[in-house]
Amino acid sequence: MALINVKTREVQIKIVYYGPGRGGKTTNLEYINKKYRDQIKTEMVSLKTQDDRTLFFDFLPFDVGQIKGFDVTIQLYTVPGQAKYNATRRLVLRGVDGIVFVADLQKEQRKKNIESLNQLYENLETYRIDLFKIPLVMQYNKIDLKNSGNEILPTEILQKDLNSVLGAPAFEASALSGGNVIPTLRKIITLTLSSIQDQIF
Amino acid sequence: MFNQSQLDAIDSAILTNLIESGIDHVIFMNMAGNTIAKHNNGKSRLDSTAFAALAAGNFAAVDAMAKLVGESEFSLLFHKGEKLSIHFSKVNEETLLITMFNKDIALGLVRLKVAETVKEIIHILDDK
Ligand SMILES: Nc1nc2c(ncn2[C@@H]2O[C@H](COP(=O)(O)OP(=O)(O)OP(=O)(O)O)[C@@H](O)[C@H]2O)c(=O)[nH]1
Ligand SMILES: [Mg+2]
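Those protein sequences? They're chains A and B, same order as listed. For reference, each letter of the first sequence is one residue, going 239 to 439 in our numbering. For reference, each letter of the second sequence is one residue, going 4 to 131 in our numbering.
Isolated chain B (complex conformation) (with noise of 0.2 angstroms):
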């Protein structure tokens, strides 16, 4: 269980890399499916609740597949569409971190403040 501080800390993180940087939607999640942080930028709508729970069964698919040819995971997922890519990236064991961006952001970008805020979200984690 996350206490209030890491969890304002948890927003904070995703509010400035993230939202900021111009990415739509993130939610930070755990592998059961149940979202524990979600932001947008306000423009955009999504069923984050439906959302969350089809984005943990489709990586604890790919986590499965992996482990099957014998790779312990891949760490990093990313489906691109027309307009919208989403970017899922595992953050520990129990979590991952899914933002969805449009195509006036560049995935360099995005993988680059992805990484950062996984390893801000780890420290706070980390720090109880």
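So that you can see chain A by itself, here it is in the shape it has in the complex (with noise of 0.2 angstroms):
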């Protein structure tokens, strides 16, 4: 749940990035904290073992400038992908107001992927949060992939099979290069804001 503060006059609002492990999460994160480096006020925490993979989470936070008198900043997070961590990924999601569910497009991943949807899904729903109405964006993440000749999904697949039923915005990017990152993150962006409008302004 955004937190409302009518005394200081802020808004804190907390966007997870979710996804198989390896999918790039941290990564889009990187490229966030490199592009608008001047807007963000702190360094980019990272809790990740000794081969870079996430043991807890990043965390970037970052202003979006002023909404109706309220400053409001934006928490990105992301979860550790790895299947065994999922009691500190539970633990990430908690107080949750959007989700950017970063998916592989590898071929021999597509697996990991419904899994990790899931899991998601059983995640929030120990904090009584419905995947279907928070806002959501999927990202069909590596699609640099495809012009080296590595075998990857296409889109209509991973539409089928992570979002027929759900019907989230989607983008295919490359995180790597930052192709759709900023796209993707305006879109949670703007969907998480619209859906706490009633509570704040």
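Treat the hints as calculated values from the structure; they're not laboratory data. Treat the hints loosely; a few may be bogus.
To be verified - Chain A regions said to be covered by chain B (calculated; three or more residues, Cβ under 8 angstroms): (1) 281-291; (2) 324-338.
Stated by the list, open to error - Derived DSS-like pairs (lysine-lysine); straight-line CA-CA distance at most 30 angstroms: (3) A:K286 with B:K122; (4) A:K306 with A:K273; (5) B:K41 with A:K350; (6) A:K279 with B:K86; (7) A:K306 with B:K41; (8) B:K83 with A:K279; (9) B:K93 with B:K46.
As the list claims (entries may be wrong) - Some, not all, of what chain A presents toward chain B, calculated at C-beta under 8 angstroms: (10) Q250; (11) Q313; (12) L362.
Note that CB positions come from ideal geometry on N, CA and C, so glycine has one too.
Join the two chains, each given in its own frame, into one complex according to the hints.
Okay, here's the thing in structure tokens:
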């Protein structure tokens, strides 16, 4: 739930990047951090293993300026994608306002994407949040691999696997080069802000 | 959502009980890692946004560990450093109070003041 402080006139919104291990969640945040360095007052916090896998979360707070007299801060988090970290993954989801699901479009990741999305549904249920109601954006990441002859899942398959019932806005992206990282971010911010409009404004 | 008079009362409880007793930093935050109120003695600087995110993660992890070993909770957490120590206190299911203090102030006093403040905040939050 977004934190709205009527005294300091601040709104803090929590957006979580979720998805299977090595899908590119951290890479999304790294790109945003680089691109918007001037707007970001603090260092990105990454709790990771020695081989650069997310252990607990990445954290990047991000000012989006004033909306109706409130200073709005977006707090971006990633979860650890590796299967064994589900307990910590669930902790990061606490208080989430919006979700970006980062799927890996490599062919061999097809099952992992689906499993991860199913687990997201279950994890949200523990907080009585309905995946069908929370602001959600799908990102099919690593589209650059198409050009290097790798076997990738066509977007139609990904849409069918992951998004046929949810019907969330979806982007093909390349987090590594920054392709569609910002449109994904913009979309989730817009959706999340409009979903909490009634609470704030 | 907290109303203006609750936020005022929380600020004043933190200032009079904790900051005036010599505690360096105080953050009152929710379990999602968002800061509700923060105060310091004006002498030291802290990236409180990142701090709150890490504190929420730390507290949540310890809480989950407690459940795994069959404890309902470890309601108090304390990290001691050479110059600065950090004290975590659960206020209710949704909020945490974090205090940071230097070695010139006795832990006993901090615990006492924190306990008083927690009680006051609970009272303020009940008093809708
Ligand atoms: N080719 C390509 N590689 C990518 C892209 N995005 C991320 N990668 C690579 O995929 C690997 C994993 O990326 P991360 O961002 O660490 O993945 P993650 O989802 O945070 O992984 P966990 O922390 O384990 O959950 C890294 O080697 C990245 O460089 C992309 O768009 N294209
Ligand atoms: Mg990661």
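Evaluated hints:
Three residues within the 8 angstroms Cβ limit are the bar, and the segment 281-291 of chain A against chain B gives 3, so the coverage statement holds. Given a C-beta distance limit of less than 8 angstroms, the hint that chain B covers the segment 324-338 of chain A holds, as 7 residues qualify and 3 suffice. Annotation: proposed proximity of K286 (chain A) to K122 (chain B) is violated, straight-line Cα distance about 37 angstroms (limit 30 angstroms). Distance hint between K306 (chain A) and K273 (chain A) is fulfilled; the C-alpha atoms sit about 26 angstroms from each other, no more than 30 angstroms.
For the hint linking K41 (chain B) to K350 (chain A), the alpha-carbon distance of about 41 angstroms lies beyond 30 angstroms, and the restraint is violated. For the suggested pair K279 (chain A) and K86 (chain B), the alpha carbons sit about 26 angstroms apart, so the restraint of at most 30 angstroms is met. With a CA separation close to 23 angstroms, the supplied pair K306 (chain A) and K41 (chain B) stays within the 30 angstroms bound. A hinted pair counts as satisfied when its Cα atoms are at most 30 angstroms apart, and K83 (chain B) with K279 (chain A) qualifies at roughly 28 angstroms.
Proximity of K93 (chain B) to K46 (chain B) is assessed by CA-CA distance (about 26 angstroms); at most 30 angstroms being required, the pair is judged to hold. The interface hint given for Q250 (chain A) holds, since its Cβ lies 4 angstroms from the closest Cβ of chain B, which is under the 8 angstroms cut-off. For Q313 (chain A), the interface hint holds, since its Cβ comes within 8 angstroms of a Cβ in chain B; the closest pair sits about 7 angstroms apart. With a least beta-carbon distance of about 14 angstroms to chain B, the hint placing L362 (chain A) at the interface is violated under the 8 angstroms criterion.
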